[in-house]
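**Student:** Given the coordinates of chain W, work out where chain C with the ligand should sit on it, guided by the hints.
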Amino acid sequence: MAAKRELLDVLSTDARESVDDLARQLDVDPETVEQLIAELEAEGVIHGYQAVIDWDSINDSHVSAFVELNVELDRETGYEEIADRIVKFPTVQSLRLVSGDYDFAIEVTGESMQSVSRFISEQIAPIPEVTQTVTHFIMDTYKDGGMEFGDRDRDDRLSVSP
Amino acid sequence: MRIADRVRSVPESGIRKFFELAEERDDVISLGVGEPDFSAPWAARTAAIDSLERGRTSYTSNLGKRELREYIAEDVSRWGLEYSPDEEILVTTGASEAVDLALRAFVNPGDTVAVHEPSYISYVPGVRFAGGEPLGVATYAEDDFVLTVESLQKSGAADADVLILCYPNNPTGAVMNERELSAVADFCVDNDILVIADEIYAALTYGREHVSIATLPGMRERTIVINGFSKAFAMTGLRLGYAMGPPAGIDAMNRVHQYTMLSAPTTAQFAAIEALRSCGDAVEEMRSAYNRRRRFVLSRFSEMGLDCFEARGAFYAFPEPGGDDEAFAEDLLESQGVAVVPGSVFGEGGRGHLRVSYATGMRDLKEAMNRMETFLTDR
Ligand SMILES: Cc1ncc(COP(=O)(O)O)c(C=O)c1O
Numbered sequence: 000m001a002a003k004r005e006l007l008d009v010l011s012t013d014a015r016e017s018v019d020d021l022a023r024q025l026d027v028d029p030e031t032v033e034q035l036i037a038e039l040e041a042e043g044v045i046h047g048y049q050a051v052i053d054w055d056s057i058n059d060s061h062v063s064a065f066v067e068l069n070v071e072l073d074r075e076t077g078y079e080e081i082a083d084r085i086v087k088f089p090t091v092q093s094l095r096l097v098s099g100d101y102d103f104a105i106e107v108t109g110e111s112m113q114s115v116s117r118f119i120s121e122q123i124a125p126i127p128e129v130t131q132t133v134t135h136f137i138m139d140t141y142k143d144g145g146m147e148f149g150d151r152d153r154d155d156r157l158s159v160s161p
Numbered sequence: 000m001r002i003a004d005r006v007r008s009v010p011e012s013g014i015r016k017f018f019e020l021a022e023e024r025d026d027v028i029s030l031g032v033g034e035p036d037f038s039a040p041w042a043a044r045t046a047a048i049d050s051l052e053r054g055r056t057s058y059t060s061n062l063g064k065r066e067l068r069e070y071i072a073e074d075v076s077r078w079g080l081e082y083s084p085d086e087e088i089l090v091t092t093g094a095s096e097a098v099d100l101a102l103r104a105f106v107n108p109g110d111t112v113a114v115h116e117p118s119y120i121s122y123v124p125g126v127r128f129a130g131g132e133p134l135g136v137a138t139y140a141e142d143d144f145v146l147t148v149e150s151l152q153k154s155g156a157a158d159a160d161v162l163i164l165c166y167p168n169n170p171t172g173a174v175m176n177e178r179e180l181s182a183v184a185d186f187c188v189d190n191d192i193l194v195i196a197d198e199i200y201a202a203l204t205y206g207r208e209h210v211s212i213a214t215l216p217g218m219r220e221r222t223i224v225i226n227g228f229s230k231a232f233a234m235t236g237l238r239l240g241y242a243m244g245p246p247a248g249i250d251a252m253n254r255v256h257q258y259t260m261l262s263a264p265t266t267a268q269f270a271a272i273e274a275l276r277s278c279g280d281a282v283e284e285m286r287s288a289y290n291r292r293r294r295f296v297l298s299r300f301s302e303m304g305l306d307c308f309e310a311r312g313a314f315y316a317f318p319e320p321g322g323d324d325e326a327f328a329e330d331l332l333e334s335q336g337v338a339v340v341p342g343s344v345f346g347e348g349g350r351g352h353l354r355v356s357y358a359t360g361m362r363d364l365k366e367a368m369n370r371m372e373t374f375l376t377d378r
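Chains as they are written, first to last, in numbering that gives the first Met the number 0: chain W, 0 to 161; chain C, 0 to 378.
Hints should not be assumed to be uniformly reliable.
What the hints assert, rightly or not - Subject to a maximum C-alpha distance of 35 Å in a straight line, what follows is the list of computed DSBU-like cross-link-like pairs (lysine-lysine):
1) W:Lys3 x W:Lys142
2) W:Lys142 x W:Lys87
3) C:Lys365 x W:Lys3
4) C:Lys16 x C:Lys153
5) W:Lys142 x C:Lys365
6) C:Lys365 x C:Lys153
Simulated from the structure, these hints should not be mistaken for lab results.
These numbers were taken from a predicted model, which means no experiment stands behind them.
Chain W on its own, in the form it takes in the complex (with noise of 0.2 Å):
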C-alpha cells in the first residue's frame, strides 16, 4: 500500500517516468510496478496521463474561462444528472461540485472567446436546472499541475561545495 501510495506521488508530478526508473526509485521489481499501475487504473485511481501545457506559451488560440453554475434541484434532478449532463460536452475540461456560494466550478476551453461564450449561452445557461453561470475568462496562468510557468527555478548553489 505505501508503494501504491508513492507511486502515485511520484506520477503526479512526472507521469513520464519509465517502469524501470519507477522500480528503482521505489525499491520494487518493474514487474511489481506494472501490476501497481494496473490495479490503479483498474480501479479508476489513475484516469490517465497528461501534459501540463503553457498554452499561452504557443502562438495559437486557445481561450479558458472558469464558469461557476448555479442550479435548482427538483425531486426528479440531483446533483448527479446535471453533472452527467454536462461532462458530456468536450470543450468541459473539469467539473466540480464545490461548497459556497455556488454548485458548480466548470473549466472550459475553446478557440476563442465568442465560441467560449457562445458554449455557456447555448450549451449550458439552457439547462433547465441552472439558474446562473458567472464566466471568467482566464487571462495569465502562473501555476497549473502544480507546476510554477515563470522563470525556472536557477541552480545558484556552488557546483562543489563541501
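**Tutor:** Only chain C with the ligand this time, still in chain W's reference frame:
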C-alpha cells in the same frame, strides 16, 4: 603578510580544486554539492520577509529568540532529547559556528580531539584553530562506516579529551543504530571523553529513526548536540543552527558566542520559527524525494557493478570504484562532465571512494548515472 602558525598549518581544502575544475565548463552535472537543491519552504521565506517589512532588524538575545528556543526544544523531543529553552539551547550562525564554539569552549591547547574519518572537512581545521590535536579514527566500508570501539581503541582514542561524532554522516551517508552508539557511549563514559555530536542530518534518515548519543546512559552530561536548519529545511544560506547541552556547557559556548557573534542572524531566526511551526510537511516531502533518489542511485550503482553500501542518511552515497579516487573523479569530470568529490578529501578512510550527492533533481540524476555508466564501460 604575517600569518599565524595555527592558520598556516591548515591546508586548503581538497574540495576547492574540484570546484575550480567544475567551474571551468558549463555542461557539468554536479553530484558534488553538499546542500539541498530545494529552496527553503515558502512559509519560512515569507516569515523572513515579513520580519524585514516590520523592521525587525535588531540583535536578539545572545542565546537566540526565546520563541525559537522553545520550538527547538519541542522539535528535538521526537528523538528523546530534552533540553530547557532557558539555559540549555544556544542558537548559532549555522551548525558551523556551533562546532567552532564547542571546540573553543572545551579544548585546551594540546588536548586531543578524536575525529572519525572519513568525515566533514571542517572538523580537523576547527580543532587546529582551537589549539587542539586532531586524532583520526578510521571507519571502514566493511562496517558500513559505523564508528566502532575497536577502531577507537586501536587509534589510541582512549586518551582523547573530546570526540566529534557525526551521524548521519557526511560524506558517507552512514547512520548508527542504538546498539552501535551504546558501545561508543560506554567507551566515552569509561574514558571520560566529551562528545560533540553533529546531528545536522538527523531529520534525513531513511527506513529508521535517528538515534542521538546524548539519550544514552551517562551521555547527556558529557554531550553537546549540534543541529541546524541548513539541511532539513533547505536553509543553508540563512545560516542558522543550534547547540544543546547541560547549562555549564552552553554557558561556556555562549561566553565565546556573545563576544564573537553577539547573536545569530535575526531574519533567519524568524524564518526558523515559522519553519518549525508550520513546515513539517515540506520537510517530509523533501525527505521522500531524497529517499527515492537514494534508492535510484543505489540501484543504478548496483547495475553498473559499482560497489556501494546502503547509505541510510543525509543525501550522500559513497561508492567504491577502487584505485585512485582523485584520478577517477578528475577523469569522470573531464570525459563525462560529471562532478563528484573524491573520498580522500574527507580523510584517509575515504580513499578509493567517491562522495555522490543526490541533492539534485531526478532528471539530472538520471543523466549523470548514464554518463557514469558510460565512463565505467569505456574505462
Ligand atoms: C556534517 C555537517 N556539519 C555541519 C555543516 C554546516 O552546516 P551549517 O550550514 O549549519 O553551518 C555541514 C554542511 O555541509 C555538514 O555537512
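**Student:** For this structure, which hints from the list above don't hold up?
**Tutor:** Number 6 only.
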